[in-house]
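S.K.: Take a look at the letters that make up each chain.
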Amino acid sequence: MSVKKFLWTALLLTVVTSLVLSACGAPATEPAAEPTEAPAPPPTSPPPEVPPAEAKVLKMIFTQEPAALNPYYSNMWFELILHQIWNCWPWPSDDKNEAYPNLVTELPSTENGGISEDGLTITMNLRDDIVWSDGTPITSADFDFTYKMVMDPKNGVSSQNPYDKLTGLETPDERTVVMKFAEPFAPWKALFWRGMLPKHILEPVFEAEGTLDTAEWNLAPSVGCGPYVFAEWESGGFQRYVKNENYWLGAPKIDEIFIQFVPDDASQTAALIAGDADIGTFPPLTDVPALQDTGMNIMIQASGYNEGWFFNFRPEASPGMSDVRVRRAIAMGIDRDAINRDLLLGLTKAPATFWDAMPSYVPPGIKPWPYDPEAAKALLEEAGWTDKNGDGIREDAKGNKLTLVHGTTIRGIRQDVQAVAQQQLLEIGIDLQLMSQESDLFFGSYSDGAAVALGEVDIMEWSDAPYFPDPDTDYWLCDQLPTPDNPYGYNYFGCDEKLDKLSREQRTLMKAEERQAVVQEIVQYMYDNINWLGIYEDPDYWVVSSRLTGVKFSGVTPFYNIAEWDFTQ
Amino acid sequence: MATAEKSHFLDRTETIEVAALTPRQLVWLRFRRHKMAVFGLVLLSLLALYAVGGAFVFSEAFSNHTDTTLRLQPPSSEHPFGTDTVGRDILARSIYGGQISLLIGISAVVVEVVVGVLIGAIAGYYGGAIDNLLMRFTEAMFNIPQLFLLLVMAKFFAGKIPTIELLGRTFSGSVIIIILILGLTSWMYLARIVRADFLSLKEREFVLAARTIGTPNPAIIFQHILPNAVAPIIVSGTLSVANAIISEAYISFLGLGVQPPTATWGNMLEGAYNYIGTAPWLWFFPGIFIVLTVLSINFVGDGLRDALDPKGLVTGR
Amino acid sequence: MIRYVIRRLLQAIPLLFIISLLLFILMRNIGDPVATLGGRRMMRPEDRERLTRQLGLDKPLFVQYLYWLVGNDWTKVDLDGDGVAETQGPRLGVLRGEFGYSLMARGKLVTDLIWERLPNTLLLMVSAEVVIVLFSVAVGVYSALHQYSKIDNVVTAISFIGYSMPIFFLALASMYIFAILFKRWGLPYLPTVGMFDPEAGKTPLQVLQHMILPVFSISAISIAGYSRFVRATMLEAMDEDYVRTARAKGLPNRMVVFVHALKNASLPLVTIIGLDIPLLLGGAIVTERIFAWPGMGRLFLDHVSRADTPVVMGILMLISAAVIIFQILTDLVYAWLDPRIRYT
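Chains as they are written, first to last, in our numbering: chain A, 1 to 569; chain B, 1 to 317; chain C, 1 to 344.
Chain A on its own, in the form it takes in the complex (with noise of 0.2 Å):
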């Protein structure tokens, strides 16, 4: 036999091997048989392998796919997202951004005893009606037990707040939850319960195992609360959910959501213009005006967050920052509207403040500060910062050139952001020095030796929001500068006694008129020392099939509505 057929035979053999083998490779996770302590309610049929004909399917493109589903081991926004569809939280968001109540009857408040008069006693009456996807009644024992794994040192969870905070948890009858405090705190509506673990299947492997880490329900959660259950998950392929036949609120109308995992933007875009999926999230800007072409809806979702310069005035930083007219000067000296206008193709606009997502509590007639490069040499002038030798770059009396150091991710558009800066910034005498490191280089410890820990950097870019939809943020905090002692402290960017004395003030606020007086000092206050320096917003973009009716996102709680989406006919 020749050499040209045994090498034919051999390629052939090769490719069907390999194709055999991916076709094993990978197989899908099916929810976890979790020995269940309920008592005997009858349990949901298996889900369906194929969905008969007439079955309604939501498929959705995700870009990222999600690490794990156990509400405390997550952080993605991608795994958070999906909460609303098969997780419950006791008080979701709605598309303004406000609690409703959800579990619990209605939402604990001064006015109706839920808060007690010292603030110290939160008291939550949960409904009647709720149950697992299973059938189990959700009782006050599973926030019980949600609160002990969640401050169990056994547990690797991702964070523990606000949970550390609680002196205890009473559970005094099935419906009612008692959470105790050592100082009142008010932004317990927004971080509390951000997700229910089920008592009755994971107390079992808790003790088992002796931690959660490794539970199979994380990675395949049989039960849950939301409209959806889970149902498969493909790594690196898909997941789906089907529709709680337990839904205390009602079947939802759509039978079925499957995820799609897309891991490139150019797919996504590609799948969502071929009308393979309804629903895309955070395409490329550039990609915007080309979906919207085929009929799909754009819509876009404040949630809190906003890229901006975060200022250093520590003592390490380099000399001038911690003067306020250098700062107002590098705020006229961008021209904003042009980042926003060219490079965001004005679907963006520059915040003024890093509370712009929450209008009530941003003092009213605060515009962004202006795009004025005459009245930011002004300002450098009297700041005593002169280009004496004519090379373009101001000093000072001492002779100190005014060269500052920008720091941010690798990502394209702040790299971009940095070049337009630094071109914008010569022009009025300032030597923007770029850097740019991965971001866990980038946000490494102090004892790691990261330059934004070390106070190195003198404007960092990226972006972030404080607790939304709650206005509380500790970045700013005196106690969390980065020392030997605390390492990982994340306030880079300096104490000033003021701010950090109102910053705790809010915080233990229960009332809401007082709280969003002393809110609006400390905006307006970092607006005029300028703390912190919008460059573009941030908020959620979705791509929706205009097949789909009844759609409302949150900017908390995406899919807040998902029950009552449907698809026209």
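Keep in mind that the hints were calculated from the coordinates and are not lab data.
Glycine included, every Cβ here is placed at the ideal spot set by N, Cα and C.
Hints may contain errors.
Coverage of chain A stretches by chain C, computed from C-beta distances (three or more under 8 Å per stretch; other residues unrestricted) [stated by the list, open to error]:
1. 76 to 84
2. 176 to 188
Straight-line distance between alpha carbons at most 25 Å, and here's what the computed DSS-like set of lysine-lysine pairs gives [unchecked claim]:
3. C:K202 to A:K154
4. B:K160 to A:K401
5. A:K148 to C:K108
6. C:K59 to B:K160
7. C:K76 to B:K35
8. A:K56 to C:K202
9. C:K76 to A:K148
Start from chain A and add chains B and C according to the hints.
M.R.: Okay, now just chains B and C, sitting in the frame of chain A:
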């Protein structure tokens, strides 16, 4: 001068006296016979001229000048190569990027040759336990594919060196880092070759003679043996420049190489796959430059290999 | 021969140790994996400190390496931060087959992660290698037989150009021409990215279609290089005496070329290809990135940028082990093909 018989059949038979050629001239002669190698040399010179000479036409400030209203413009008379995502002129950037890319290519090879020759020479000359140890180390590093090692080392050294000003140009400190790690991940092959050469050369008489008269070891290594082992080093070094330029392009493309706004041909391609259809000029021009440079270096290296290797002459291909 | 193999395998063990130690030391400084676990927001210092402790990242480097190698179930770890080690460690260590859990996707075993991506990469790379072998041999032999003809010159020129191209340039160019331009001009076009179209699902036909461009990009460059090599060795072989003898005996040309010359010319090619195969496991990082192919190269890239040490170490050890094993295999095949070689 010998005379030859003149006969009917042998019309013109003369002997010509030829002056003996130095080895260097011999090499050059053999090199010149390779048309492709000469072509490569010419092309390389043109590219170097472009990168260095172009700096007199466009200022560095111009290559960094952003104008967001002009972003992503196709090639035109104003901007022959078009503009990039922030409106910078791609032609000017390719000039300054070329300077950095070529600088990285050559410097990385210098690092590689220094490290590789040192390790190979010491291992080959001293032998025994030292040889064993060095070769195990070499093998260990050799077994890790270069791109992986590069990515890990790029993160290891990231951000350690600030901006540098050199010869009137400012560029990011990551250039030095890239040079270092490129050199430190590619010396293994050269070390092996040098060691093999040293192993055979150290048994020769001239080494024995040098030792007998008491020449210290370092002098033997560098002044006696090394000059005889230089041919494979030159060839390997030349081809390594191409490898260094391509490797730099790879890691810059993946975002871990030289950081903007310092341009290199590699990082001008970074993120270009987002604009592959809408702005092909973003990746086409830097890519072409890389291809041409590597091509010419490969030609030259091929020619050098044949010129320096007498065996190639015998088979005459 | 068996003794030789065993000796090589035994020699490989300390080598793997050295490699793992080298890599682990490098891993130390490539970033803080806990830094990016906060999602879109920065991670709170208390949580960061707790997670660092729970994941064992606060231990000195040597201790971390030890735990990675032999696990920590023979000692106790301090999980609640009071300074007293009270809980028994859960990890078995690499020597007992457990490469640990990913730091990014906590709860997912490193071996599971790699196993999910490995078939995708193998699919791409093995196909590419087969294509490379076939075409290099074909092109090289043809060039050698028709030396200095016009076609030979054209092929040589193209080979040089192809050999000098960075792989992503070829990938971008081919994607642009065959996927985008063809579609624009109404010709049948190839898909751009991914392993399959979301609507059609993961069918073999889809996968095959999506494989064409990546395999082409990977193989084109290697074919360019290897075909010249085959050409050179074929030319050498064809000049040898035994070929002349075979021709003198009156054997048909095809037999002379394929049976006698090619067999001898292919020896060095085997070595090169044998050494190439383990690199395939690296999955052509750049190609997978451009074509959004969910393989091991992308896994490595994603996890190295988040400083996920267990996964990165797992991948690198796998590749290093594969390199060593294939080196041994290549030597064996070489000895089998060339009876003159004897190993002791």
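S.K.: With the threshold set at 25 Å, check whether the alpha-carbon distance from A:K148 to C:K108 stays at or below it.
M.R.: Given that 25 Å is the threshold and the Cα spacing comes to 23 Å, the pair holds.
S.K.: Holds or violated: C:K202 with A:K154, Cα cutoff 25 Å?
M.R.: At roughly 40 Å apart (the allowed maximum being 25 Å), A:K154 and C:K202 break the hint.
S.K.: Under 8 Å between beta-carbons, do enough residues of the stretch 76 to 84 of chain A, three at least, approach chain C for the coverage claim to hold?
M.R.: holds (count 3)
S.K.: B:K160 and A:K401 were given as a pair; does the straight-line alpha-carbon distance stay at or below 25 Å?
M.R.: Distance ~22 Å between B:K160 and A:K401 Cα, so the pair holds.
S.K.: Taking beta carbons only, do three or more residues of the stretch 176 to 188 of chain A come closer than 8 Å to chain C?
M.R.: Result for this restraint: violated, n = 0.
S.K.: Does the structure keep C:K59 and B:K160 at a Cα separation of 25 Å or less?
M.R.: Within the cut-off at roughly 24 Å; holds.
S.K.: Given the hint that C:K76 pairs with A:K148, test it: the Cα-Cα distance must not exceed 25 Å.
M.R.: holds, 23 Å
S.K.: Are the Cα positions of A:K56 and C:K202 separated by 25 Å at most?
M.R.: The given pair, whose Cα atoms are some 21 Å apart, holds under the 25 Å limit.
S.K.: Is the hinted pair C:K76 and B:K35 satisfied, with a Cα-Cα distance of at most 25 Å?
M.R.: Violated. C:K76 to B:K35 sits at ~71 Å, over the 25 Å cutoff.
Of the numbered hints listed earlier, those contradicted by the structure are 2, 3, 7.
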